[in-house]
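J.: Residue-level listing of the chains:
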Amino acid sequence: DVKVTQSSRYLVKRTGEKVFLECVQDMDHENMFWYRQDPGLGLRLIYFSYDVKMKEKGDIPEGYSVSREKKERFSLILESASTNQTSMYLCASSLDFRTGDEKLFFGSGTQLSVL
Amino acid sequence: GIQVEQSPPDLILQEGANSTLRCNFSDSVNNLQWFHQNPWGQLINLFYIPSGTKQNGRLSATTVATERYSLLYISSSQTTDSGVYFCAVSSNDYKLSFGAGTTVTVRA
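Going down the list, the sequences are from chains A and B.
Numbering of the first sequence is given in my numbering, commencing with residue 932 and proceeding in unit increments.
Numbering of the second sequence is given in my numbering, commencing with residue 184 and proceeding in unit increments.
Read the hints as simulated data drawn from the structure, not as lab findings.
Please read these numbers as outputs of a predicted model, since none were measured by experiment.
Glycine included, C-beta positions come from ideal geometry on N, C-alpha and C.
Among the hints, erroneous ones may be present.
[To be verified] Pulled from the structure, derived: some chain A residues nowhere near chain B, Cβ distances all over 10 Å: (1) T936; (2) T946; (3) M958; (4) S996; (5) E1000; (6) E1003; (7) T1017; (8) S1018.
[What the hints assert, rightly or not] Derived, one-sided and incomplete: chain A residues facing chain B with beta-carbon distance under 10 Å: (9) L972; (10) L976; (11) Y981; (12) V983; (13) E987; (14) D990; (15) G994; (16) Y995; (17) S1025; (18) K1034; (19) L1035; (20) F1036; (21) F1037.
Isolated chain A, as found in the complex (with noise of 0.2 Å):
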């Protein structure tokens, strides 16, 4: 089975501090995404990336940046975090456009308090 790793379950954080929420993905996968989910407004694509190195915005990238250094490794960066940032985050990733199979695989999901 995949396995998508997200590093904390839960994180508390102050205003104005720089965030790291790490995610891996053990399965070779080509794709990865970030989520957050928030009560009434669902699940909202962050950013994604398709290759290493390669990102893209999804709808709500105001205020976080990404990166994918590794394959199996992508990192989303709140650079000064704000209260509004308070939300479930959710890591996933799927194989590859190209074969066809693009089902999308979760992490745990991390609890980012900022107070």
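With chain A's structure known, arrange chain B on it following the hints.
T.: Just chain B, lined up with the frame of chain A:
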């Protein structure tokens, strides 16, 4: 973007009952997936089903792409089926749009 509507928003079932969840979408899609989010927040992929019918144990799904809807069937429901079921669609292979979900509660 594509609009995704799921119905009903909430569903309460007695253990052993069958149910149908619906997902309507506003444009043609080439990617449609169903997910189950358990009470601990983990999202599990149930089906990748841009068209046709698939079955996996007590769950099955049907997508009628030409009519822009998909159905998820739960048969002989169990308490472990409780959680939120999401439908997600895309027309460009990677940027999935999620519906608001159907919250299912199965009572023993």
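J.: Holds or violated: is the Cβ of Y981 of chain A closer than 10 Å to a Cβ in chain B?
T.: Hint holds; Y981 of chain A Cβ to chain B Cβ min 7 Å, cut 10 Å.
J.: Any CB of chain B closer than 10 Å to the CB of K1034 of chain A?
T.: Check passed: Cβ of K1034 of chain A comes within 4 Å of chain B, closer than 10 Å.
J.: Please verify that the nearest CB of chain B lies beyond 10 Å from S1018 of chain A's CB.
T.: Its Cβ never comes within 10 Å of chain B, the nearest being 12 Å, so this holds.
J.: Holds or violated: L1035 of chain A as interface residue toward chain B, Cβ cutoff 10 Å?
T.: For L1035 of chain A, the interface hint holds, since the closest Cβ of chain B sits about 6 Å away, which is under 10 Å.
J.: Would the hint on D990 of chain A be counted as holding, given a Cβ-Cβ threshold of 10 Å to chain B?
T.: Given a least distance of 8 Å, the restraint on D990 of chain A holds.
J.: Is the shortest C-beta separation between S1025 of chain A and chain B less than 10 Å?
T.: 8 Å, holds
J.: Using Cβ atoms only, decide whether L976 of chain A comes closer than 10 Å to chain B, and label the hint accordingly.
T.: Holds - the Cβ of L976 of chain A comes within 10 Å of chain B, reaching about 6 Å at its closest.
J.: Please check whether the beta-carbon of E1003 of chain A is more than 10 Å away from every beta-carbon in chain B.
T.: 18 Å, holds
J.: For E1000 of chain A, is the shortest beta carbon distance to chain B beyond 10 Å?
T.: 20 Å, holds
J.: Checking hints one by one. Is G994 of chain A an interface residue toward chain B, by the C-beta closer than 10 Å rule?
T.: 19 Å, violated
J.: Examine each Cβ of chain B, and state whether all of them lie more than 10 Å from the Cβ of T946 of chain A.
T.: T946 of chain A clear of chain B: closest Cβ-Cβ about 25 Å, beyond 10 Å.
J.: So, F1037 of chain A near chain B? Judge it on the closest CB pair being under 10 Å.
T.: 4 Å, holds
Hints 12, 15, 16 from the earlier list are contradicted by this structure; the remaining hints agree with it.
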